[in-house]
Each structure stands twice: as structure tokens, then as C-alpha cells.
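Put together the whole structure using the sequences plus the hints.
Protein chains: 4
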Amino acid sequence: MNSFGRIFRLSIFGESHGVAVGVTVDGCPAGIPLTVEDFLPDLKRRKAGAAGTTPRKEDDIPEIISGLFNGHTTGAPITILFRNNNTQSKDYEAIRNTPRPGHADFVLDKKYNGYNDYRGGGHSSGRLTLALVTAGVIAKKIIAPVQPTARLIEAGGDTDIEAAIDKAVEMQDSIGGIIECTAQGLPIGWGEPFFDSVESVISHLVFSIPAVKGIEFGSGFAGSKSTGSQNNDAILDENGTTKTNNAGGINGGITNGNELVFRVAIKPTSSTPQQQQTWNTQSQSVEAFTVKGRHDLCIALRAPVVVEAACAIALADLMMVSNALKL
Amino acid sequence: MNSFGRIFRLSIFGESHGVAVGVTVDGCPAGIPLTVEDFLPDLKRRKAGAAGTTPRKEDDIPEIISGLFNGHTTGAPITILFRNNNTQSKDYEAIRNTPRPGHADFVLDKKYNGYNDYRGGGHSSGRLTLALVTAGVIAKKIIAPVQPTARLIEAGGDTDIEAAIDKAVEMQDSIGGIIECTAQGLPIGWGEPFFDSVESVISHLVFSIPAVKGIEFGSGFAGSKSTGSQNNDAILDENGTTKTNNAGGINGGITNGNELVFRVAIKPTSSTPQQQQTWNTQSQSVEAFTVKGRHDLCIALRAPVVVEAACAIALADLMMVSNALKL
Amino acid sequence: MNSFGRIFRLSIFGESHGVAVGVTVDGCPAGIPLTVEDFLPDLKRRKAGAAGTTPRKEDDIPEIISGLFNGHTTGAPITILFRNNNTQSKDYEAIRNTPRPGHADFVLDKKYNGYNDYRGGGHSSGRLTLALVTAGVIAKKIIAPVQPTARLIEAGGDTDIEAAIDKAVEMQDSIGGIIECTAQGLPIGWGEPFFDSVESVISHLVFSIPAVKGIEFGSGFAGSKSTGSQNNDAILDENGTTKTNNAGGINGGITNGNELVFRVAIKPTSSTPQQQQTWNTQSQSVEAFTVKGRHDLCIALRAPVVVEAACAIALADLMMVSNALKL
Amino acid sequence: MNSFGRIFRLSIFGESHGVAVGVTVDGCPAGIPLTVEDFLPDLKRRKAGAAGTTPRKEDDIPEIISGLFNGHTTGAPITILFRNNNTQSKDYEAIRNTPRPGHADFVLDKKYNGYNDYRGGGHSSGRLTLALVTAGVIAKKIIAPVQPTARLIEAGGDTDIEAAIDKAVEMQDSIGGIIECTAQGLPIGWGEPFFDSVESVISHLVFSIPAVKGIEFGSGFAGSKSTGSQNNDAILDENGTTKTNNAGGINGGITNGNELVFRVAIKPTSSTPQQQQTWNTQSQSVEAFTVKGRHDLCIALRAPVVVEAACAIALADLMMVSNALKL
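Protein chains in written order, with my numbering: chain A, 141 to 467; chain B, 141 to 467; chain C, 141 to 467; chain D, 141 to 467.
Simulated from the structure, these hints should not be mistaken for laboratory data. Misleading hints may appear alongside valid ones.
Because identical chains share one entry, a pair is satisfied inside a single copy or across any pair of copies.
Unchecked claim - Dumping the calculated BS3-like pairs for lysine-lysine here, alpha-carbon to alpha-carbon at most 27 Å:
1) 281 with 466
2) 432 with 383
3) 184 with 281
4) 187 with 432
5) 432 with 307
Values in this document were obtained by computation on a predicted structure and should not be read as measured data.
Here it is in C-alpha cells:
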């Protein structure tokens, strides 16, 4: 469903080529300074423009509908809209009968009996991540001074990101990447046994981001190949500082006061310029197919701020729940 | 918190060295045949006994408290207990002041101001996975004929599992592993945008399992190194059958009718026989430390049935929600 | 918090004198025909205009932001806005220091440390019932042919409603009333033990409507004065038809196939033209006070459609949950 | 469904004539002193024994399964069982084909296709209120020094309760009653707009109690017959003390610091000794019928402690959510 969170809750809506996309954030305490300008830096980071990103340009100006008064949050739900002013729906009409490989076109059509808004992925479009980024800005204010930071550490299997993008442009094929997100200054004790472990809540949100197909905390998959004496983090002082950080800052699902570390696998953009094969639902045969429209060669370039937002949102809810459970 | 699910809901409770551990399953339809015997095969798979597993022996006989009548589910909550009859709490008293590296001892003590039941990990013990396995048996009946299957595909970095265990026993150090879970026969359309993607719900549950530190769907992390034209799955027929299955059976967070595939990274058992360092809260210094008690050298050996249960529980809830949203 | 429902979920936002009020409906099945016009009749019923209602006139044209495509619901969240185009905020500035008796001014100021949008009740305004009515229109489509009907059966203690209004206008004092809501054609079996009884879910929503202070189902308070032999409803046939309907169509929290009947007590409009006493937070003394602004003498006149909407929303969620729990 | 609450959560299970009934309380802070003895006074108040109550005697000794350690709550879920040791299931076998008027027998049979445990009402039995009372004891510790107090203020329409019971015994017919619950010392600000108003959350829980058919807050139904100038509560000082308390301590769904007051209508016990009519599902005809088994003539006598528990549970969750939403 389209809402998430126990106390700090967000609810998202909208379609890529409809009127707007937007988000409602409920459970935000009153009295937090908040202006339109606060959203702009993260929205800009999410924007297209660089090499390897789509030429579709959206203003992405947040339109604050509710929950703000005199420059502060009021305790009431904060709803923010982003109008879609640069849609080219006709691009999508033509390909309706040829579901794009890697996209949700085919499953959405089946799931909703053809009633879904298929234009540009509709409600499943990456454009919905605007809503996450927006809620993330609010979440970051709540968890301050904790400050998640995400960055692309690998693209197309290469840690030299620029070179990877150049290569993708050259071969005219899309690529994926790996994003690492860290956060320092977390107190000990966020996260709840059993089902609201920090890993559970973060991964739930992160896998809501389109194109994410993997996540690992601390030493993750590599750690599974090591031994207990290698992978355990020796505790060094009364604050719980550890010698290594293979746990990624989490023990038993609960923050241990060390740096939070996780990595996210982003698949190559499904809309590659390369010719592909797909089922044509009209001709009832497999056909060669080239995706049209304006797309990112490496969506992973724009995803760090989204992962960061997901992390902040998860931490905000975990923090508020954790605080609520104290006497 | 200790409950999970929207329609098919489970709530777990209990401590490793308390009276019992248990689970309540709510939202199970009435009329499903269910007996004590139905639980035994999966419970046995979770049991210790093999090389590399703990010598602690528990009968693990499910005691059905409610929700069954005349051999069928009644529609009311099903509560099942497992008495703890083989606890050696004194093992744990001695190490109270030396939080075990890799375990949650340290964070639980801080989070709960020392009030947590610290014996054997208390409520955060791996023994709580009994509750998951039990709920998993019920979930499997609901999603039948879909049948998740999980197996250990790598231990200590080695795909020859027996060799890996032998080596761990020889070096007297614990090891981790990678579990792969698959499920065939899923219909198209389970999973909900935006926050209840199949990946989100499965990962939420899987990261509730102690020792899990990573998860990837389909081609996962490896896929992030490939290109769109390599990673996209060409659609071949009107049922959505794809040529490859790099998506792991999920597009846009929704099942696409192909095989569900995901892999889970299990860290090496934190309780290694090797000497480690930790903070002694009484002497206020870092001390050499060797974990006592009976432990698994490779907890990953016992984890496949738990991962399988988590998968089944997630799918049961996803299925029921998906059905609820149809007219 | 500002969302409600397990499957059919609504989330509301907005303030009386802000940009807009609105609602997001999630969990609405795809394929339901829905147009702007569908909302107008119920919105009109909620409108002011008659004797005893406020002269504030709002266009109340629903602005559909998302979730509709080609005249049908898409399965994605439906967000609908109502712009506030007739606000006179200066009316409220003057009375900021004199919290209006019967209103939430005083408690909101304390709860939110003065950060709440106090203009016209802000987020706690009766204007938010627009969101309920809007969601109610969608809910009614889902539960059709079940059709809740609510009407004012008593105003100011008088069953002659017109006479009651005339008297209120004459004495220039506000009055309350009692609304009865009924629904026929419900199947047997909606409602869930233990906490999602039909009465629980309906009352939860109904008490979200400002000014509601009581609810009773079937014979309600009067029934508590009778005897079991008088109050029990004899079952007359295999469909569960009963001789009387003192249960109001609900046994054990579950619909029994007979008519659903409940009554709601609406308090007199807090904004009476009569002079009252309140605490002046500036002068720190009790002062005589007359409420300004444009208000309803009998808000109960406009409330039936809101109660009807709350009933429809509750039934839609109960129906969908009930269906989800069947094999 | 069988769980309730956002932070302070309870989950109930069990059947009247099964193994046990029980409750799991999740979201209880660690460090609260709690012993078996703490439960006994409220459990005793709920017990049968007085004139007008059932002769069925149960020991009702709470069996604490989890969540307690060294006499304090641990922060983990608290599960408590009550074994059923005095069941006479054969009483119920005979009447299986004659659904008892006023009970849920008929609807449960239809809802669950005959799979429900019908003995003594099964999971819908009043015996499940043991679970509420138990959770209420814990909730009262959380909200202390706030202390809800409920008492029967009317039985069979008579405020002289003893006389009412005598009369019921004499005429051998069951009666209902009205319970008033109050609580002093509440701070200003518990309760959340829009859907978690104090009235919404309390009524949701109170209508989960079998036999409850009405609730009103403050002046309630009587208030709906008065005028605004009569019903409004003048604010008298900076603490929000009001001259009257027609609001029952709640404005805009939020506690205003004055006494919380609500009244609950309990229907006459459905199991009256009087002969009634019901549908015989075997003979397919309406038949005279007399209920067998051991029953309360006035279940309302035993209900105040249950209403009090529901109030405490609701307030505990409202308090914790309200605290969570503060910076």
C-alpha cells in the first residue's frame, strides 16, 4: 500500500503523466522550521541534467498544501505537490501493446485489468521518488544532528564512475550501480525487536525505490564468507565503540552507536537504448523493440539522494518509536 | 515491534531461557486442516544435531493453545507455545558483565536500562525463530500450491557445504553462509505499490531473522554490474514468461509469474569458540573473552527453514492483500 | 493520526484557512467508474445555505489530483483537493487570546505549543469533513448495493426539525441534534472479532467527526433499561431474519443480515451567537466573549451526509477485510 | 482483527471452552514493577459470585509466559494465559442447531462456514474480557497517576442497583445497565486529530467488549437536546479548568485537563432464563427455546472493571503516541 511508518508516517500519490505527484507526511512534531527553500537542495540532487541522465526537465517546485504556518510545522499533516508540467504522453501510447522488459508495464496491466495509468509507468514511475525525497527532507530535520549520507560508489561494475558513464554513453546501453549510505552520531537503542529491526525498516523503505534489487548492512555478503573471529566487532569502551564495524552499526536489529553503513544494488536502467525483445500483445508474437521517450542511462546517478531520504525516513520513525517506548 | 502483517498477522513473544517462546497467528482463514503433526517436519529441519550445530537439545513440541477445533482452523487467532525445558541459565550469569561481540547484549542492556532478560539473548535469541517457523507452516498452507524452498548454497565462502563445516570444526571458528530461496507457481500481481513491494515485505521479515545482514533478488548485486540489455528479461509469451530471470520474478515490486528468487547473507555465528576481545563493564577495561554455552558453529545450517518461513509468511500476507483489493 | 483503515484507507490533510483541504484514498480497487460529478450530490448535501447554516459559501469543487484515468479508478491512491477560496482569516486573529468555549482552540494551543494553525480551527475545523464526504462517495461505490442513509431525526430535542430551527433562530442560540443512519442489504459476516467489531470501526470513524459526543446501535441506551426477553431478537428463518431489530443488525460485532441501525448525538454548535465566558490569556482573567465569524446555528443539519460517509467508509473497509479472510 | 494499538499494543486469543484465553501486550516500557499479585484485584472484580452472576467458577490465575524478569517488565512482549479448567462443553453441544438469540452463534456459523469453535461462544465469549482486564492492569501502571474508575450507575433502568438485581432474580429475566467511567488528572493534549480522537480510540476498544451497544461522552445524548450557551463549558483559568464539564474532558478529540467522563450502555444478558424463539437449523422451523448453561442475569455487574481496563488501555496508547509526537 502507499503509506508507511508507525509514528512518522508518509503517504504518497500521483502518476508520472497525471496532474501531479505528492506526499503527505503525518506524525511530524509541531514547531520545526520549514520552508520551500529547505527542499530545493535535495530536489536538485535528484534532478536530471548530467551526462547519463534523462533530458526530461521538470521544475519540481514543491507546492505546500498544508501543515505549515508561520514558517513552522504545525503538527498537522504536511501535504506537498509537484505538478507534472513536462509530460509527453503520446510517447507512451504507441508502446502500450509492447510491455517494456524490466518495467512493470506487463504486471500492472494484468494486476489492474488494464485500468492502470500506463503512461510513463504511472504510479510506479521513478518520478514518485520525488515524494520520498521530500519526506526525507522533513525526516532529516527530525533526526538531526544524525545526517545520512549516500553516494554512488560503483557504476556498471566500475568504481570510477565518470569512466563508467562515458563507457555507457559510448556503447549506448544503460548501467546500474551500488550506493553506499552511512550515518554517524546515532545513539544506542534505535530499532525494535523483533520485526522492526533497523535493517527491516530501512530495507522495507529502500526496496520501495524502483530499481533497487539488493541491500546489505555492514560487511553483508562478504561477511558471510568470513569467520566469527574475523567478522565480530570487538567492543572497546563503555560507549560501545567497536574496533571494526562489520555489523554496520547494528546488533540484534538495534543501533549500537557506531556508524550505520549499508549498500544498495541498483539494477541497470530498464529503458536501455539497445534493441530488445518483448511480447506484442496485439500481434501475439515476440518482436524486436526499442524503447522510446527520454530516459536515464544510469538512474543510479540520481538515486543516492533517494536512498538517503529512505534512510532518514526510516530513522525518524525508528527514533520516534524508540522514544515512545521509554518511560 | 513484535507483530507483523496487514491481514495475515503474526505476533511473537517469549525468551530463550524464560517459560516459553510462542506465536499468535491472526488473520488465518477458517477451515484449513491443521494438526500438531503438520508442524513437526519444519521444526525438525530447524533443530540442532548435525555437525556444526549446537548440542542444546529441545523437544520443541508445539503446544496449541487456541484457534484450532476439530482439526481445522477456526478463523480465531492461533496461539502456539514452545516450552523451554533445557535451559542452563547459569551459563549466562557469568558473562553478564562481558557483552558478547556480535550479539545484542550490549545494546539491549543500554536500550532497556538493564531490565531486559539477558539470559541467552532473551527475547532476541535465535530461539524466537521457532515462532517464525511455526507461523510459516500455517502460511504455507495458505499459499499452496506455491511452495517456497530455501537451501544453503554457500558456507564460509565455499559452495561445498560439507567441506566448509569440516574446516570450521577443524579451525574451531564459526562461519556464515548464503541461503537461496525460490518459489514457483506464483500468479502475476502479488505485491502492492509503493511500500508493499514483494521485495519490501520479504526483506522486512527476512531481516527480522537474527544474523541476516544482506538480501538480493534475482541478479541482485551482480546485476548492478551488468547492462540493461543484459539484465532485462525479454518477455516471451502472453503469460509473461521471460527468457532470463534476472528480476527474480518481480517487476515494479509485483510478482510477474516467473520464479521468485532471492538470496540471503547470514553472518558467521557470533558465538565463536575463538578468544575475542570485549569491554568488561565491571573492570572497565578491554579483556580477552571466550564465549561459553552451547552454540552452532554455522547457524546458517539451520536457517534455510526460517528463511523459507519468512518467505511464506510474506507471500501469504501479500496474497491476501492482493485478493482483498480486487473487486 | 490522520489516516484510517486496514485495506480501504484514507488519509486527510489541510486546514480551514490554509491552501486547501483534501483526502487520499488508498486501497480502492481498479476499474470503478468515477467522475467529478459523482461527488457533487453529497458535497451539496454538506453545503451551507439553508436556515440555520453558515453564510460562508465555498465552491467545494473537487480537484482530482491522482488515481483516476479514463473515467475509472486505477488502483493507485486517489487524491482530491478542495481549495479554500473564501477565507476571512482576520476574523480569527482578534480572538486568538480568547479560546472559544466548546472549541479545541485552547487544547490545540497547548498541545502544539502555539504552532498550530489556529485560523478557523485549522486542521480541526469542520471543513475537514469535506474529506470524509469525498471518501464516502468512493466507499459507497465499493459497498453497493448496500447504501447507508442518514437523516436528522431530532434537533434541539424536538423531532419537528423545522420548528426546532425556527426556535433556534428566534432565541439566537445554537442547537444540536440526533442523526440516525441505517443500511439495508448487508450480508451476514462483516466485522471481525475482537477489536474490529462493526460497532468499533463505525464508532471510531464517527467520533472523528467534530461535534459528535455519543453513538448507540440498535436499541442502545434504551435497550440497557429493558430485559433479555424484550431486547433479544428472535431468529425467524434460515437467512437470520429477526422479529425485532434491537441489535441494530449486529451480533457479536458482526453483521447479521438485518438492517444496520445506529444513532449519533451531535452537540449544539459551539459557536453560539450568545455571549459566553472564557479565559483571556492576555489579561489573565475571565471575560465576557461573543464569537465572531460565520457559523451554523445547527451544524447537525449538515452532518447527516458526513455520518453517512463515515458509515460507508467503515463498511467498505470491513467488507474488504472480511473478503480477504475467506479462503 | 485481534490486536489493537499503535504503540501500546495488545493481541488477544483463546476460546471459552478451549485450552486457555490469553493476551500479549507489546509496547510496554521496560522497568515497570509487575507481579502476578498485581493482577488479582481487578481479576477478582471481574469474577462471578454475587447475586445476578453466573455460578461458573474459574480460578483465573494468570500464568505469565514472557516479558517479566526479576519482577519488572523487560520491554519484550508480555504474554499471560488463563487456563480454562471449569468447562462443561456438553452444555453447548445440544444447542448447536438452535442459535441463541442475542448471541453471535448464528453469524459466526455463517461467517466461518461452521468451522468456528461454537462452545460457549468460542472466541467471541465474554471470557475473552479476561484478556482486556489483564492488559488493563498493565496499562494502569503506565498512565499512573491517572486512574480510571468505572461503576454501574443503573441496572434494568433503575439507579438502585440492588433492587434491580432482586427484581431480575424474581422475574427470572436478564437485565442490562449503564456504566460510567471517569478519570482525573489527565494532562492537556492526549488524543490526535483526526482519526485518533480520545473518543474514537476509547469507543473502538469499548465496543470490543461483548454486550456494549452505546457510548456517550460528557453530556452526550442529553447534550444534543440543549443549546450552545447551555452546553459549552466556560474556561475559567490558565489551566483550562471549566465551569461545567459537558465536554467530558475532551475538546476536538483531545483531553482538556478536566475530568474524563463517559457512559456505556450494556444490553441485557442475551442468555435470559426466559423461553425465547429461534430458528432450528435442523427442523428448519421456528421453535421455542430455553438457553442452558450457567449465565449472568446481569452481566453489567461484572463489566465495570472491563470498561475501566478498556479506558486505561486506550489512554496508555494515546499517552504514548502523544509523547512520541513531541520534539
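Structure-based check of all given hints:
For the homomeric pair residue 281 and residue 466, the shortest alpha-carbon distances inside one copy (22 Å) and between copies (14 Å) are both at most 27 Å. For the homomeric pair residue 432 and residue 383, the shortest alpha-carbon distance between copies (22 Å) is at most 27 Å, but the shortest distance inside one copy (51 Å) is not. For the identical chains of this complex, residue 184 and residue 281 are intra-copy neighbours only, at 18 Å inside a copy versus 41 Å across copies, given an alpha-carbon limit of 27 Å. For the homomeric pair residue 187 and residue 432, the shortest alpha-carbon distance inside one copy (20 Å) is at most 27 Å, but the shortest distance between copies (48 Å) is not.
Only within a single protomer do residue 432 and residue 307 lie at most 27 Å apart by alpha-carbon distance; the minimum there is 21 Å, versus 54 Å between protomers.
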